[in-house]
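Residue numbers (the working numbering), protein chains in the order written: chain A, 1 to 416; chain B, 1 to 416; chain C, 1 to 416.
Hints were generated in silico from the structure; no laboratory data involved.
None of the values given here were measured: they were computed from a predicted structure.
Where a beta carbon is used, it is the ideal one built from N, C-alpha and C, also for glycine.
It cannot be assumed that every hint is accurate.
Claimed, not checked - Where chain B lies over chain C, by a calculated footprint (3+ residues, C-beta under 8 Å): (1) 10-21; (2) 372-386.
What the hints assert, rightly or not - Among the chain B residues that face chain C by a calculated CB cut under 8 Å, a handful are: (3) G41; (4) P50; (5) D320; (6) L322; (7) Y355.
Claimed, not checked - Distance windows between CB atoms, simulated: (8) S392/A with E25/C: 50 to 60 Å; (9) T194/B with L341/C: 41 to 51 Å; (10) P196/C with R352/A: 38 to 48 Å; (11) Q339/B with D103/A: 58 to 68 Å; (12) E316/A with G106/C: 49 to 59 Å; (13) D129/C with R192/A: 50 to 60 Å; (14) G350/A with E25/C: 53 to 63 Å.
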Amino acid sequence: MHDLVRRLYPLCRSITGDGLRRTLEIIGASIPLEITEVPTGTEVLDWTIPREWNIRDAYIKDATGRRVVDFQDSNLHVVGYSGPVEATMSLAELRPHLHTLPDQPGLVPYRTSYYAETWGFCLSQRTLDGLGEGPYEVRIDSTLADGHLTYGEHVIPGRSSAEVLISCHVCHPSLANDNLAGVAVAVALAQRLTDPWYTYRFVFAPGTIGAIAWLGLNRGRADRIKHGVTMACAGDDGTIHYKRSRRGDAEIDQVFAHVLKDRPHTLLDFSPYGYDERQYCSPGFNLPVGSLTRTPYGSYPEYHTSADNPDFVRPEAMEDTLEVLWAAVQVLEGNRRFQNLSPYGEPQLGRRGLYGSLGGRSDTKQAQMAMLWVLNLSDGTHSLLQIAERSSLPFEALAEAAHVLQSAGLVKEWIG
Amino acid sequence: MHDLVRRLYPLCRSITGDGLRRTLEIIGASIPLEITEVPTGTEVLDWTIPREWNIRDAYIKDATGRRVVDFQDSNLHVVGYSGPVEATMSLAELRPHLHTLPDQPGLVPYRTSYYAETWGFCLSQRTLDGLGEGPYEVRIDSTLADGHLTYGEHVIPGRSSAEVLISCHVCHPSLANDNLAGVAVAVALAQRLTDPWYTYRFVFAPGTIGAIAWLGLNRGRADRIKHGVTMACAGDDGTIHYKRSRRGDAEIDQVFAHVLKDRPHTLLDFSPYGYDERQYCSPGFNLPVGSLTRTPYGSYPEYHTSADNPDFVRPEAMEDTLEVLWAAVQVLEGNRRFQNLSPYGEPQLGRRGLYGSLGGRSDTKQAQMAMLWVLNLSDGTHSLLQIAERSSLPFEALAEAAHVLQSAGLVKEWIG
Amino acid sequence: MHDLVRRLYPLCRSITGDGLRRTLEIIGASIPLEITEVPTGTEVLDWTIPREWNIRDAYIKDATGRRVVDFQDSNLHVVGYSGPVEATMSLAELRPHLHTLPDQPGLVPYRTSYYAETWGFCLSQRTLDGLGEGPYEVRIDSTLADGHLTYGEHVIPGRSSAEVLISCHVCHPSLANDNLAGVAVAVALAQRLTDPWYTYRFVFAPGTIGAIAWLGLNRGRADRIKHGVTMACAGDDGTIHYKRSRRGDAEIDQVFAHVLKDRPHTLLDFSPYGYDERQYCSPGFNLPVGSLTRTPYGSYPEYHTSADNPDFVRPEAMEDTLEVLWAAVQVLEGNRRFQNLSPYGEPQLGRRGLYGSLGGRSDTKQAQMAMLWVLNLSDGTHSLLQIAERSSLPFEALAEAAHVLQSAGLVKEWIG
């Protein structure tokens with residue numbers, strides 16, 4: 001996963017453009033992607049696809065010809081969607097176009113201006129403090145022209161047409177935790193999944209406008225999404241945070257609460273800010289989509305700065321995030337409802353070889369308790385996960401018990 | 001407000017009579033009152049309007065002709081609704097008609113006997129201890145005769161015919177906190193309210209029988225009351241108490257819980273005792289009427305004694321009660337439900353000038369968050385107050401956001 | 001009660017057989033029982049009535065002819081349902097048939113093997129440790145033959161045909177707390193109950209198969225059971241435990257929570273293990289049956305060992321269990337719903353002599369508050385028990401208030 005982060009890191013991504021396309025190509029080398037190109041001007045929900053932005057070079061040169069701010073060093077140096085500029089100006093004239101982080105004087109901020117035409121540079125406060133009056137040669141070699149917004153999808157067909165959505169934003173340039181780490185974890189999940197029950201849809205799209213484009217183009221089919229999660233900030237060494245869907249008690253919310261129960265974690269209530277769960281959970285769609293991160297957006301000092309580089313992302317942290325996601329997928333996959341076919345009294349497990357024959361002992365095995373719980377609550381209203389919560393038994397033990405009982409003809413899957 | 005308390009204090013109020021009428025006259029000088037006179041014998045719900053009581057003088061004179069207990073000193077000295085008496089008797093004969101507070105030997109208690117014909121005097125234990133064997137000349141110059149029960153209403157018409165009820169009992173004689181302070185705060189609220197959305201109905205009626213009379217005469221229209229509160233004990237220096245309506249989760253209950261959240265307060269569950277919320281919340285009406293007091297009835301030593309005088313009532317306390325009531329009214333007035341007209345994905349706030357154009361910053365303004373919350377939860381099931389509770393944003397910020405979004409055509413008021 | 005425990009203790013009970021019959025005869029001498037004999041081979045729900053087991057003698061004799069393990073000393077020495085054996089064998093050959101408690105070396109365990117044909121002896125680890133190589137003469141003089149499973153019922157007819165079930169397992173041989181104490185408490189309750197509102201059904205049946213037989217033979221009538229409890233482990237000196245029914249909020253669950261509130265106790269959530277509530281609460285029946293014990297099964301060291309003898313059972317503990325059960329029955333009997341016939345405003349209690357005539361006092365009597373609460377909440381949705389919970393008044397005060405109000409024609413029983 002860390003290799004993928006390093007490979008993607010240098011590309012200058014934005015909500016459109018060739019950096020985004022190249023990113024999807026690299027992801028596509030690991031897991032095949034179906035690419036959608038949405039033309040500039042297309043109306044998607046309340047929005048319109050903007051012009052496509054591409055940039056080749058940008059710099060501020062001092063009088064000696066030295067590039068004091070250089071896009072070639074880091075694509076963060078240019079405000080995203082800056083229009084072309086070629087001018088000579090004093091520091092005073094340039095100043096309104098310069099963005100710094102006075103409280104973090106060594107770091108370069110990440111700034112964009114997608115929908116208000118402007119241009120600008122981002123630099124460290126220290127660099128700014130070292131600049132003389134000028135004049136400076138200022139150049140941004142970019143184009144804003146009709147083109148496309150690009151997103152990619154990877155679908156793993158399941159036995160059911162019901163879908164699980166894993167959505168990652170792919171519009172941030174050289175920022176590693178936000179969100180190359182999320183992308184890498186999603187790719188690793190896709191590679192690990194084989195023959196699932198659900199159909200898994202991985203969406204790699206620019207934040208906000210990309211999710212809106214996907215929703216707009218799939219509006220009539222969005223209700224196929226039965227569970228979902230946005231993935232971001234998946235590689236820092238903070239604790240796992242799961243933010244509930246707008247519904248608050250969706251099955252995906254129950255699943256993450258369950259798999260996180262025995263490890264350090266924080267559960268957050270939904271709020272209409274953060275990542276693209278904002279869009280999936282807008283009231284018209286109200287999809288059961290939560291958000292999985294380690295430290296949430298805005299809550300670590302490296303967030304949206306040049307310090308969010310590949311060294312900030314720890315391989316073990318990404319591995320850990322993947323394990324949580326994998327555990328959630330396992331519960332989701334196994335979380336069925338069953339119908340007890342012998343609901344009047346307990347069925348006689350003993351004659352089916354499912355119960356110890358020697359009575360009177362005070363220790364009862366977990367497997368036996370799991371069977372009794374599955375039988376007792378398999379009335380169509382309780383999923384295995386709900387039985388796990390009520391019984392305090394491990395989900396796996398209940399899933400195994402359900403399997404054994406199904407083989408014995410004592411329960412069948414509930415068709416609800 | 002304190003002036004009004006002092007002005008009303010000396011009057012000998014009861015559930016009927018001229019003291020009550022004069023009280024309503026004085027209130028009416030501040031806010032116009034519509035007066036209703038209900039004749040003796042009228043059946044109201046399960047009750048019958050009693051005879052009207054009026055009293056001119058009352059005393060106990062010792063052998064020297066000195067008034068040892070004198071109605072002219074304090075109207076508390078006579079048990080309310082005492083019939084006329086003119087007799088000479090020994091202390092032993094008089095004793096069953098004397099009421100004191102042995103545990104508070106310096107104070108005169110407040111006692112009434114509306115529905116069992118009797119007579120009596122209230123005096124301090126100290127006075128009683130100083131009395132010799134007698135004989136005493138005992139006189140109560142009162143009349144119990146067919147007449148009327150009087151109550152007053154002040155209505156501030158709103159844009160909606162839905163009503164908010166503010167109800168104060170006005171039957172207690174020289175007791176200041178209970179309930180002249182409540183009356184004064186209600187009057188002040190009425191004077192402050194202009195052009196409200198709701199219609200506000202202020203009822204100044206005798207306790208129990210007055211509220212029952214009002215309910216009886218307005219039985220078919222009681223369901224116009226959409227929110228309400230009884231006001232009492234509004235001027236002592238204890239903390240604010242709000243007692244929930246019988247429903248327990250009525251909007252008025254939510255509103256007071258919200259406005260009291262950030263200040264010392266106590267929320268009480270409904271009980272069928274206290275003030276006229278007992279009647280409004282009887283199961284046949286079950287109106288959403290709570291009760292706002294500072295220290296509740298019976299919980300302060302001055303309660304129903306001669307120590308509940310105008311000095312016991314503090315102007316700042318009444319001011320504070322008014323502020324709480326005003327805050328509640330503001331929330332009530334602004335607590336609407338909206339419908340997001342662009343519910344699929346977030347609407348593009350930026351092109352409407354409602355969203356900062358520079359992306360990437362980690363600080364998000366409250367106004368922006370308020371807009372996102374209103375948009376996300378404006379699905380007809382959430383009021384602004386519920387959005388405030390869920391978002392932990394101030395109600396005012398959400399009300400303002402809703403206003404801005406309505407102006408932008410993004411939401412419209414929900415017609416439920 | 002303790003006498004009954006001592007009388008029943010020596011009998012060799014099992015899920016069938018003459019020890020069980022004799023037990024029911026002895027109970028029947030205190031409270032008349034209707035006996036049901038279910039023939040071997042009868043299919044009941046998912047089960048089949050097994051062959052009847054009877055045993056006359058059993059022993060292990062050493063070479064000197066001394067009985068080193070002797071059924072005549074304690075019926076625990078033989079594994080329940082052991083088939084007949086007559087053999088001479090070495091300790092090594094015998095060993096797989098011997099059951100001990102290595103952690104409690106002085107005690108004899110209780111073991112059964114109802115549904116897997118085998119035989120065995122239970123003995124203390126100390127006895128086992130003292131045994132030489134043998135040979136031993138091993139004898140079990142038992143029969144396993146077609147016969148019957150026996151259970152007994154005692155019914156106290158009530159004014160209503162709705163039933164309260166008290167169920168005790170009676171299949172354990174010489175174990176006192178589990179469950180002769182439960183039987184004794186149930187018998188004492190039956191003797192105390194006279195002219196109840198509900199019909200009370202006491203079922204004394206073997207564990208599991210007995211309850212299943214009863215349910216199978218009463219399948220179409222099981223829904224007459226409106227409340228129920230299994231009684232077990234009723235005499236140890238641990239605190240009372242009430243285990244909720246599968247429903248979790250059944251009236252019986254509310255009743256026990258209420259009566260236990262003011263004493264040390266533990267409330268347990270339902271689990272599909274324990275006593276015959278497992279069967280009554282199977283999902284097809286889902287009867288509102290909880291379980292009342294002192295220390296629950298498996299949680300005291302004497303459980304299912306020879307130390308669970310009559311001395312382990314304390315008379316005061318059984319008395320205490322009976323008091324809890326009696327209190328629950330009293331609440332159940334009195335827990336009605338009423339309809340306020342004068343629901344608009346408070347009815348005038350004073351003119352009916354139900355309210356003190358002197359107003360203004362700050363102390364209010366419990367009886368008066370109870371009347372106000374019953375009037376306020378008698379709208380068909382609140383039972384007296386729910387009013388007790390909401391008002392924090394004693395159930396008895398509310399039941400008395402309801403009675404008084406009913407006599408005054410102010411409420412009538414709700415026919416729901």
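Here is what the structure says about each hint:
no.	hint	verdict
1	10-21	violated (count 0)
2	372-386	holds (count 7)
3	G41	violated, 14 Å
4	P50	violated, 11 Å
5	D320	violated, 24 Å
6	L322	violated, 26 Å
7	Y355	violated, 48 Å
8	S392/A with E25/C: 50 to 60 Å	violated, 43 Å
9	T194/B with L341/C: 41 to 51 Å	holds, 44 Å
10	P196/C with R352/A: 38 to 48 Å	holds, 42 Å
11	Q339/B with D103/A: 58 to 68 Å	violated, 42 Å
12	E316/A with G106/C: 49 to 59 Å	holds, 54 Å
13	D129/C with R192/A: 50 to 60 Å	holds, 55 Å
14	G350/A with E25/C: 53 to 63 Å	violated, 30 Å
Comparing the model with each earlier hint shows violations of hints 1, 3, 4, 5, 6, 7, 8, 11, 14; every other hint is respected.
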